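Enquirer: Respectively, the protein sequence lines represent chains A and B. Going by my numbering, the final residue of the first sequence carries number 68, and the count climbs one at a time with no gaps. Going by my numbering, the final residue of the second sequence carries number 250, and the count climbs one at a time with no gaps.
In short, the hints are calculated from the structure, not lab data. Small disclaimer: the values here were computed from a predicted structure and weren't measured. Quick reminder that beta carbons are idealized off the backbone N, C-alpha and C, glycines included. It is possible that some hints are incorrect.
[Unchecked claim] These stretches of chain A come out as covered by chain B in the derived footprint (C-beta under 8 Å, 3 or more residues):
#1 25 to 33
#2 38 to 50
#3 60 to 67
[Claimed, not checked] Straight line, CA to CA, 16 Å or less: simulated EDC-like cross-link-like pairs of lysine to aspartate or glutamate:
#4 B:K192 x B:D12
#5 A:K3 x A:E67
#6 B:K6 x A:E67
#7 A:K3 x A:E42
#8 A:K68 x B:D5
#9 A:K3 x B:D5
#10 B:K188 x B:E36
#11 B:K8 x B:E32
#12 B:K195 x B:D12
#13 A:K7 x B:D35
#14 B:K6 x B:D62
#15 B:K195 x B:E36
#16 B:K181 x B:D149
#17 B:K195 x B:D5
#18 A:K7 x B:E40
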Amino acid sequence: MAKLTFKTDLCKGCGLCVGACPKNLLVIAKDKINKKGYHPAEMTDAEKCIACAFCATMCPDCIITIEK
Amino acid sequence: MTVFDKPKSLTDAPLHYCPGCTHGIIHRLVAEAIDELGIEGRTIGIAPVGCSVMAYNYFTVDMVQAAHGRAPAVATGVKRADPSKIVFTYQGDGDLASIGTCETVHAAARGENITIIFVNNAIYGMTGGQMAPTSLPGQITQTSPYGRDVATQGYPVKVCEMLSQLDGAGYLERVAVNNVKNIKNAKKAILKAFKNQVEGKGFSLIEVVSTCPTNWGLTPEKALEWLNDNMLPYYPLGVYKDKFAEEAAK
């Protein structure tokens, strides 16, 4: 199983990772606010993640680390 | 096993760019190229004026911040003073294609052994969205509220096409960062541009077609679509010149 780690406090909620995920597993968490005041991206179902790293490739702020 | 992690040549400083700005992706690609070639200790970057003026905060290499548009001239000086260093400039379109056209053209004409990363987002980002030399015909900006009129404001500057006419220019490629496939291609191009310099071949320039969600007035995702639908037809991707491959083939 892949393990995604978000540096949530650096997320700007731009949503580029959400659009890049081929499995549609990422969402912008509208009910959360990070230190910067943005709604951060988060993983909905880590079990289904295939560790393709598309989200991390698109992330402009380099906040996603993926381990397998 | 780590599949993806931040490259070592990027610092931990949070990027100051707007949400969804693709500068961050291009920074990462440059840092990955530096990591892969193992040249972190002997690389010197030249930051421009523009949104990426504070690029010196983000790379773990020595950086110089040049006057507006003069990064290729400063890079020339640094490289000639110590040819063992790997020198790259990181410039936007308002810097490289406008006030810095002269320095860019002549650095290419001299065939300086430097690497230029040219970020083209068709607008002046930092100053608030004015028309740039690379703005598309009909594009609405702060200073062209009715759309860029080519009758009075002329046509966009196509840097790769322009420089490909110069014998001194070695490797010119235009890439984009609007989807994963294009980002992978961009990474290859940037790596090759650095590699050319490490091997002492000569002038390399990579034009990266990029977005500016804030000043285009679009969400980050819509900006990627706008790039794909409007910029790519006007700025076709591809290798515009590879003198080194041609020479090797002879």
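Enquirer: State for each hint whether it applies.
Expert: Comparing the hints with the structure gives:
1. Counting residues of the segment 25 to 33 of chain A whose beta carbon lies closer than 8 Å to any beta carbon of chain B gives 0, which falls short of the minimum of three for the stated coverage.
2. Residue count for the segment 38 to 50 of chain A with a Cβ under 8 Å from a Cβ of chain B: 1. That is fewer than the three needed, and the coverage hint is violated.
3. Closer than 8 Å: that is the beta-carbon criterion, and the segment 60 to 67 of chain A has 7 residues meeting it against chain B, so the requirement of 3 holds.
4. Restraint check for B:K192 and B:D12: not satisfied, since their Cα atoms lie roughly 26 Å apart, outside the 16 Å limit.
5. A hinted pair counts as satisfied when its Cα atoms are at most 16 Å apart, and A:K3 with A:E67 qualifies at roughly 5 Å.
6. Annotation: proposed proximity of B:K6 to A:E67 holds, straight-line Cα distance about 12 Å (limit 16 Å).
7. Distance restraint check for A:K3 and A:E42: the Cα-Cα separation of roughly 12 Å lies within the 16 Å cut-off, and the hinted pair is therefore satisfied.
8. For the suggested pair A:K68 and B:D5, the alpha carbons sit about 12 Å apart, so the restraint of at most 16 Å is met.
9. Note on A:K3 and B:D5: the hinted pairing holds, with a Cα-Cα distance of about 12 Å set against a maximum of 16 Å.
10. For the given pair, B:K188 sits about 11 Å from B:E36 by alpha-carbon distance, which is consistent with the 16 Å threshold.
11. With a C-alpha separation of about 8 Å, the suggested pair B:K8 and B:E32 falls inside the 16 Å cut-off, and the hint holds.
12. Distance hint between B:K195 and B:D12 is unfulfilled; the C-alpha atoms sit about 26 Å from each other, more than 16 Å.
13. Between A:K7 and B:D35 the alpha-carbon distance is near 22 Å, which puts this suggested pair outside the 16 Å criterion.
14. For the hint linking B:K6 to B:D62, the alpha-carbon distance of about 19 Å lies beyond 16 Å, and the restraint is violated.
15. A hinted pair counts as satisfied when its Cα atoms are at most 16 Å apart, and B:K195 with B:E36 qualifies at roughly 10 Å.
16. Using a Cα cut-off of 16 Å, the hinted pair B:K181 and B:D149 is violated, with the two alpha carbons roughly 33 Å apart.
17. Distance check on the hinted pair: B:K195 and B:D5 sit about 22 Å apart at the alpha-carbon level, beyond 16 Å; violated.
18. Restraint check for A:K7 and B:E40: not satisfied, since their Cα atoms lie roughly 24 Å apart, outside the 16 Å limit.
Figure legend: structure checked against the earlier numbered hints; hints not met, in rising order: 1, 2, 4, 12, 13, 14, 16, 17 and 18.
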